Amino acid sequence: MGLPTPRLLPGFLLAVTVVAELAAVPLSWGLEPAYDTLLFAVFSCALAGTGALILTRHPRHAIGWLLSGLGVANALTGDLAQGWGLRAAVEGWPGGTVAELIAGASWLPQAALFILILLLFPTGHLPGRRWSLVAWLSVLGVVLCGPGALEADPYAVDGLPTPFGVGITLIAVAMLAALVAALRRFRSSTGVLRQQMKWFALSSSFLVLTLIPTAMLWGASPLLPVLSAVALTLWPVVIGAAILRYRLYDVDLVISRTFTYLTLTILLGLVYAGTVVVIGTFAGQGSPWATAGATLLAAAAFKLLHRRVQERVDDRFLPARQDALRSVAAFLERLRADQAEPEQVEDVLRSSLDDPGLELWFVLQGDDPPVDARGRPATARPHDTESFAVERGGVTLGQVVWRPRTGQQRAMLPSVVAAAGMAIDMARLRVELRHRLEDVEASRARIATVADEERRRIERDLHDGAQQRLVSIGLTLRHAQHQLGSDDLGARQTLDGAVAEVAAAIDELRELAHGLRPALLQAGLGAALRDLASRAPVPVDVAATGDRYPPDVEAAAYFVACEGLTNAVKHAGAEHIQLQVARHDGSLVVSVADDGVGGAAVGRGSGLTGLSDRVAARGGNLSVDSVLGRGTRLTAELPCVS
Amino acid sequence: MRVVIVEDQVLLRAGLARLFVDGGHEVVATLGDATTLADVVETHGPDLVILDIRMPPTYTDEGSRAARDLKSWYPGTGVLLLSQHIETAHAVDLVGQPAFGYLLKDRVLEVEEFLETAARVAGGGSALDPKVVAALVAPAVGSPLERLSERERRVLELMAEGLTNAAIAQRLDLSLRTVEAHVRHVLLKLDIPEGEKGHRRVLAVLTHLRAVHEWS
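The listed protein sequences derive, respectively, from chains A and B.
For the record, in the first sequence the residue sitting at position 600 is 600 according to the working numbering, with numbers rising by one throughout.
Numbers given in the working numbering equal positions in the second sequence, counted from 1, plus 1000.
Take these hints with a grain of salt, some might be off.
Stated by the list, open to error - Ranges between beta-carbon positions, derived for each pair:
hint : chain 1 : residue 1 : chain 2 : residue 2 : range
1    : B       : 1039      : A       : 505       : 33 to 41 Å
2    : A       : 464       : B       : 1068      : 21 to 29 Å
3    : B       : 1130      : A       : 458       : 51 to 59 Å
4    : B       : 1130      : A       : 376       : 50 to 58 Å
5    : B       : 1068      : A       : 543       : 52 to 60 Å
Said to hold, decoys possible - With a cut-off of at most 20 Å between alpha-carbon atoms, the simulated DMTMM-like pairs for lysine to aspartate or glutamate come out as follows:
hint : chain 1 : residue 1 : chain 2 : residue 2
6    : B       : 1189      : B       : 1173
7    : B       : 1131      : A       : 323
8    : B       : 1131      : B       : 1191
9    : B       : 1131      : A       : 541
10   : B       : 1131      : B       : 1112
11   : A       : 570       : A       : 541
12   : A       : 198       : A       : 100
13   : B       : 1071      : B       : 1042
14   : B       : 1131      : A       : 501
15   : B       : 1071      : B       : 1113
16   : B       : 1131      : A       : 459
17   : B       : 1071      : B       : 1039
If you are wondering where the hints come from, they were derived from the structure by calculation, not from laboratory data.
Note that this is a predicted model, so its numbers are computed, not measured.
All C-beta atoms, glycine included, are put in the ideal place defined by N, C-alpha and C.
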């Protein structure tokens, strides 16, 4: 088009259409079925409106002009002319016959426009140059048909086909060719074009499927013309939506849902009819039982069939859903083969549902606030997101928080999430495990802190109490020594000895209080344990090598041995005790076995519990094997990172 | 020697006082805490103040804070700080001042040695408890103290306690010349400038030890 596109023309055409229809409706009112009048008026306006809408975005788009033209043509030559013709016949106005002629022939130019739309959708360009022949054929057909359509073919020559006959054949041929063009375009289309063609095919199929029974059964039911009018109106709207790419990617979903409900309708119809026949045979024709039973059964069947049918149809008509399910299945396979971590399920959902911002939140326990994949409390859901509860086996695992852009994404989510259920459950369990571990580690640290504080308190008590008292006892002894003067050498020596004892006691107290490693540990765990054994009131066998371990590990092992020995002597009434220290798999294993009464447990004696905590605080573990009457074996494993 | 005793425990306070009296010294005042210490020192002008580190109200470091104040007002008055346990932090902070000593409490049971040390401090000398010294000079891995021989480390300990070369020779049963050689070696190995005497030498050693401890 060399001329500048008139910007206001589409709006003008729409206005003409609306005004023509506003005039046509009262003219036809009461003289033909009301739905005929109203729905075709809406059809015209939909055509012109969609055309105008397309032209505002794409001013040169042929489909826009064709739709606008189709709308104006239908409004003026179809509805307005017909209305005038009908009203004129009743009121005796002039021009009624001409108007009726025009209305009668109005389908002709519309057929040409329709063929052009088939040829040009969705690009506005012909699929190839030779296809222009089809366009010219349709125009030629319309021209040839023209006179014959207006009145009994005035140019008919006997023995030859009438021009009308030739014209209508040409139009039919052109129509078929245009259909072939559209089908070829559909088959070779990909991406956006494919989606557009799908929309086009969907609405066109709906149109054809409703127009054929309407034409065949005209008047059989008032429902059919209404249905076809709806299909007519939807057709331009869908074409416009496809060209403007509005919700382009939902076409698969719409097709899928259409097929689902179509299949359901047929199946339920069969169920209903079958039930009516069967119950009718027994309860008599027209029995209310038959209707009630059939309704009930159909309702039950709907519940039963709906999901299954939808799944089947979705499998066939939602390729994106298929792709998503495939990628989830592949992920699960990798998970089983130990090539993936359950936490990656979030990424899999992101890519398969095409939402990079998608988040998986887990609910660890009943009413606890959800946490994210790293176990951190999930922040409040942003207002523009949607959430979908993830459930498995009746348990709420968490929720998917995301921003779906299409209805198709929304429709895919439940099945994709269900498919990934196992991985989500595993990820949640792992998050929960980590959470628990952190709890345990925190409480362990708290225990260690409390123990340290307790030690400090005891230390202070010893310094400020017992130790000071010992010092003053020592001073008193020294004073007594002084008072004795130099007379009694024996008594002076005795007092010297007593002061030395006091000093030794203070030293020991200081070592104890300071929480220092027992002095003997400096010579090694084996030596310290042998010293410990030598001071025990019952025989103790010590099996220990000269190996050295990290100082805190040696200290912990020493305390385990002390506590074990004390328990064995005090509580178990042991007569013989075995002390063993060995290195095992990077751990120091210390065990104290006795032949006492047995029946000890970590939970009961606070000493053992404290010891267990002490060992646990160093990442080790303490076990007590104690059967009544068969002695006790206390074993501590202390990992040593040396 | 005129002595003031500041100690919160009554029995110990009485015992200490008796010890000084038995040793022929004069105890001019005994206090339960350090709040009135400045006035008492002002009034009596003692040669030596015996201070417990932990005292009311917080039982943390009242004694060492009182010692620091005392040293700034009456630098000549001897101050002997007593502690229940080995606390190197307080020691390193204060030792090195003239007429200052820091001992574990149970040293008082070795009456003669204790009174000697007390007299040394009152006379302007230094004293540091052997156990505190041992805790300071226990060689950490990689510390320069590892370079010292057993005998040299012992000499360093005695230097840190505040002993003179002669006293060290006597204590270790060595000749003075041998001790002097050891001291030279120690100072050389630890890169400490030689030629200092008495508490200055202690200061040098301790400053060095503190650096070592902070470093390790």
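Which hints from the list above does the structure break, by number from lowest to highest? 3, 6, 7, 8, 9, 12, 15
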